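K.L.:
Chains as they are written, first to last, in my numbering: chain A, 1 to 293; chain D, 1 to 293; chain B, 1 to 293; chain F, 1 to 293.
FYI, nobody ran anything at the bench for these hints, they're computed from the structure.
Being a predicted model, the structure only gives us computed values, none of them experimental.
Beta carbons: idealized from backbone N, C-alpha and C, even for Gly.
Errors might be hidden in some of the hints.
[What the hints assert, rightly or not] Selected chain B positions facing chain D (in silico; Cβ < 8 Å): (1) 52; (2) 57; (3) 188; (4) 191; (5) 212; (6) 241; (7) 268; (8) 275; (9) 288; (10) 292; (11) 293.
Protein chains: 4
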Amino acid sequence: MSDVILTSNQYGKAENRVVRVVRDTQRHELVDLNVTSQLRGDFLAAHTEGDNAHVVPTDTQKNTVFAFAKDGIASPEAFLQRLADHFTSEFAWVSGGRWAAEQYGWARIHDHDHSFYRSSPETRTAVLVRDGDHTAVISGFHGLTVLKTTESGFVGYPKDRYTTLQETEDRILATDITTRWRYNTMEVDFNAVYDSVKDTLLTTFASGYSKGLQQTLFQMGQAAITAHDSIDEIKFSCPNKHHFRYDLSFCGLENPGEVFYAADRPYGLIEATVQRKDSPADESAWAGIAGFC
Amino acid sequence: MSDVILTSNQYGKAENRVVRVVRDTQRHELVDLNVTSQLRGDFLAAHTEGDNAHVVPTDTQKNTVFAFAKDGIASPEAFLQRLADHFTSEFAWVSGGRWAAEQYGWARIHDHDHSFYRSSPETRTAVLVRDGDHTAVISGFHGLTVLKTTESGFVGYPKDRYTTLQETEDRILATDITTRWRYNTMEVDFNAVYDSVKDTLLTTFASGYSKGLQQTLFQMGQAAITAHDSIDEIKFSCPNKHHFRYDLSFCGLENPGEVFYAADRPYGLIEATVQRKDSPADESAWAGIAGFC
Amino acid sequence: MSDVILTSNQYGKAENRVVRVVRDTQRHELVDLNVTSQLRGDFLAAHTEGDNAHVVPTDTQKNTVFAFAKDGIASPEAFLQRLADHFTSEFAWVSGGRWAAEQYGWARIHDHDHSFYRSSPETRTAVLVRDGDHTAVISGFHGLTVLKTTESGFVGYPKDRYTTLQETEDRILATDITTRWRYNTMEVDFNAVYDSVKDTLLTTFASGYSKGLQQTLFQMGQAAITAHDSIDEIKFSCPNKHHFRYDLSFCGLENPGEVFYAADRPYGLIEATVQRKDSPADESAWAGIAGFC
Amino acid sequence: MSDVILTSNQYGKAENRVVRVVRDTQRHELVDLNVTSQLRGDFLAAHTEGDNAHVVPTDTQKNTVFAFAKDGIASPEAFLQRLADHFTSEFAWVSGGRWAAEQYGWARIHDHDHSFYRSSPETRTAVLVRDGDHTAVISGFHGLTVLKTTESGFVGYPKDRYTTLQETEDRILATDITTRWRYNTMEVDFNAVYDSVKDTLLTTFASGYSKGLQQTLFQMGQAAITAHDSIDEIKFSCPNKHHFRYDLSFCGLENPGEVFYAADRPYGLIEATVQRKDSPADESAWAGIAGFC
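Construct all of the structure, not just a fragment, from the sequences and the given hints.
P.N.:
As structure tokens, then:
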């Protein structure tokens, strides 16, 4: 027992699927979240001795999530902040934690008052990490697939004995945008900035000629940070979803960029971080997030 | 060997992911399909003796799919028809087959000429089954999640010793619409009818008070067939995606239909077929389609 | 309303995840099922009028599944039979239905009395379809991936202008076995026959030279029916999971069947039914099962 | 442009599905990997200017993976090391990278020489992170589901107004083991240690009474580190897969721990790190791995 120690740890209830209906008027609203709550603090005895005196049950965390939803959900980020405030103030030994949410977007069916369909291609994400007095908020999304049918190429790369790729100045560029950005303040209209960042990324992706996905991601990150003072850092983890021009010469057909085979695996995987110059980094906030370097 | 016989069989290449770009003008178009081709006919010797003289390779079927895409894809249904015509006319022993496609919907990013994002929540489906002179075309979609926050109830059901459910006249009704409809003609604007059926189903779902998902599905089917002379039959396989009112009495809160827990499993599963009166049935066309009775 | 009619329909509760522990002695047993119950019969008024007087709630079906589990689960098939007997005898208007189960296999950790790990690669399936006095039982499994590194080829097939495939007499043959077989009696030791069929299929797959997946599937089906008098029919829906020999000539290496790229899509899809000669068919029993022709 | 900077970044080819057959004798061997290669170094110009002079194509990385497989794959870890050595020595501006692999386990069908089935419930993982002279190797697995039917409880936890959970001294404990451990040396028989760690974790899980999943994970980590001098740190990210005792009182039945409902979401999520005392930490090695704190 003396040879090993417990270091980082957290626990809680994951994927609480809470749907909040606002029905104060005939025109209902709908907020659809998947909330995870995990606590950090002094939980040593639970691990080493099975002493649960500090272990706020994951079931209690679940009940709290649903009870707090009764008071309304202004934004995923605000909701997570309330959970963080509650658990760190209610229990002396809870010094921090990690709270996360996914949000699914719904739209009205023909502007109906209480009938909706799930409309958003992307899943919105939010993470709040608290450690004592420090709080980091990281927002983002995944699942937004974009594609441009031209104005993309890849040339000028190094060749060695394992290189067979041909240069091209006209290819399909396609990716699923997975991105997360870190705020430098809590004084944000999180919903408005979310919409704005998404729009900025889409607009940047569509614009201009892409010399490579690295360049495109950097441009997207640059645009997002430049447009939003509240954001210090943005990360991308984006597949290069290959669309291979199908060789139709076997039957005498040319294929000038018209017929493509959309491949599954393997795929390119491009990951990059763009940061506001001279802003502080916050590496620990990103721990446990898959696929970002 | 004499004790067993080969009965129904089919084979081919599944999930050919073909993307067709139309680039005749600066304003590009994009068609994104997942095509499966399977042949039926005289393939007995391949099974019993390993004699492949009749086995048009699945690889050849793949090449054919991509080669035909070069000529354009007006609709999934028309594309499948061309494949069926080709294989049944090219090879004497191919008497029929099953061709299927999924289509993924894309929209322009801010009306851009060649930049798109994958926008449709639902996946469009098409199946063409040919047996000699008979051809059946079944279109549909899956993955369209709809929800109404009120105007739904469930009362008047029988009770026995295993019944604990409480009656309610105000609940959330939510489902993923999975539907397929069978045409009675090939003289159809398949894209236009697709859009119209989808719209009809959404409108019907949104309208009125639902006494049960069975009633809602029947109304949806009735509306689709009534509005479209070209459709004889429509099937639904729809989960009742339970949204349970979370009991908040443990902390003294009431919950008048505001906070819900969205459950995963188990779920209700309601399946129904609505058919045009006096129209012919075509049971064999539906074989191999999951989750429809 | 008079223009359309309700035809086939069924409804119930899907995916009841029931785990039954047998703890009569210190050496516990574990049965892990995913049970779906769907009723058929006179449910017209529910669809056309929203009259639920016949609608045994899906929630009641769920409660019944868990209550019946208390009495023990000898086999998935026997459990489904008990459900069918109950619902068709308890409610006069329930004339039949469809009951299905998946079973997940567990093994003891080092022969421990009450600690287990989920060991089976395959998922066992069972379906019971009842229509009045007629009952069909279909058992099977999916998810068993098999591969032979040699003794497989594909030659002698027809060529046309779309053919580019090269003949080979040494390739990898790999598939995920998805199979279902239909019993001709309920007087079966379902667990013993399940184990025996699985073993028969594996043994047949491993044996001899394969001239094509069609031949292999037929041999597997023939072996299963020949070995088991209680089985009249067996179906396969099996992908040809392509393992392409990676061309290493770019760096001067030969590749005599040593380095393969395992592709995802597209894949061959071979489906076949083998039936005991002169036995009756039962097409309606197979309705709604995906991927079998 | 001057306002933002590029910080961490990496790119490469993900999920190269390479299958290596060893066929030097009649008794073939099979290694089945999913390999990801990502490079780090001086790639600034690619991001800021679209200058690809340093961008070793992801396609070249793919070719390299398959070419190296020709020489054999002793273990995933050794294979990743060879890739790291190659890329960092071949290209001056490549100062490091991240290489990862999943391995799928196969067993012989009845001890057959060249026929196999995919047998392992768990997926083996390996990650090698190199930064200049420093190399970290992290091995692990996921997907191993374990369950004990008794000898588990949860008592003594704090209660507040949101607590409704009842204490219990007899429950099912079930989890999917996802674990990763970090080596302190490359002088390891990676395959042997992998088997040993897996066995140690299973044995520890099975043994004794569990006062909580936290305690069980700590015991598992302690056992692994104590038994293996080559391991300095082990992390767990494990769901508490709830199995709720189904209340059968509605029909007059007792349920003394025999009938359970296996729930999907929400679930407990317990994450912990156990480290060899006085050993160095290596936080950067863990970046980008999901679900570990």
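K.L.:
So, residue 241 of chain B near chain D? Judge it on the closest CB pair being under 8 Å.
P.N.:
violated (11 Å)
K.L.:
Would the stated hint for residue 188 of chain B survive a check requiring a Cβ distance to chain D of less than 8 Å?
P.N.:
violated (19 Å)
K.L.:
Identify whether the interface hint at residue 288 of chain B stands, where standing means a beta carbon of chain D within less than 8 Å of its own.
P.N.:
Cβ of residue 288 of chain B sits 5 Å from chain D, so the hint holds.
K.L.:
Let me know if the C-beta of residue 52 of chain B comes in closer than 8 Å to any C-beta of chain D, holds or violated.
P.N.:
Hint on residue 52 of chain B: holds, closest Cβ of chain D at ~4 Å, below 8 Å.
K.L.:
Hint residue 212 of chain B vs chain D: min CB-CB distance below 8 Å?
P.N.:
Residue 212 of chain B check passes; min Cβ-Cβ to chain D is 6 Å, inside 8 Å.
K.L.:
Does residue 275 of chain B pass the interface check with chain D, least Cβ-Cβ distance below 8 Å?
P.N.:
holds (5 Å)
K.L.:
Just to be careful: measuring from the Cβ of residue 268 of chain B to every Cβ in chain D, is the smallest value less than 8 Å?
P.N.:
Since the shortest Cβ distance to chain D is 4 Å, the answer is holds.
K.L.:
Classify the hint on residue 293 of chain B as holds or violated, based on whether any CB of chain D lies nearer than 8 Å to its CB.
P.N.:
Given a least distance of 5 Å, the restraint on residue 293 of chain B holds.
K.L.:
Should the interface hint for residue 292 of chain B be scored as holding, given a Cβ-Cβ cut-off of 8 Å against chain D?
P.N.:
OK, holds: residue 292 of chain B within 8 Å of chain D, min 6 Å.
K.L.:
For the hint on residue 57 of chain B, just tell me whether its beta-carbon gets within less than 8 Å of chain D.
P.N.:
holds (5 Å)
K.L.:
Is the interface hint satisfied for residue 191 of chain B? The criterion is a beta-carbon contact with chain D at less than 8 Å.
P.N.:
violated (24 Å)
Of the numbered hints stated above, those contradicted by the structure are hints 3, 4, 6, listed in ascending order.
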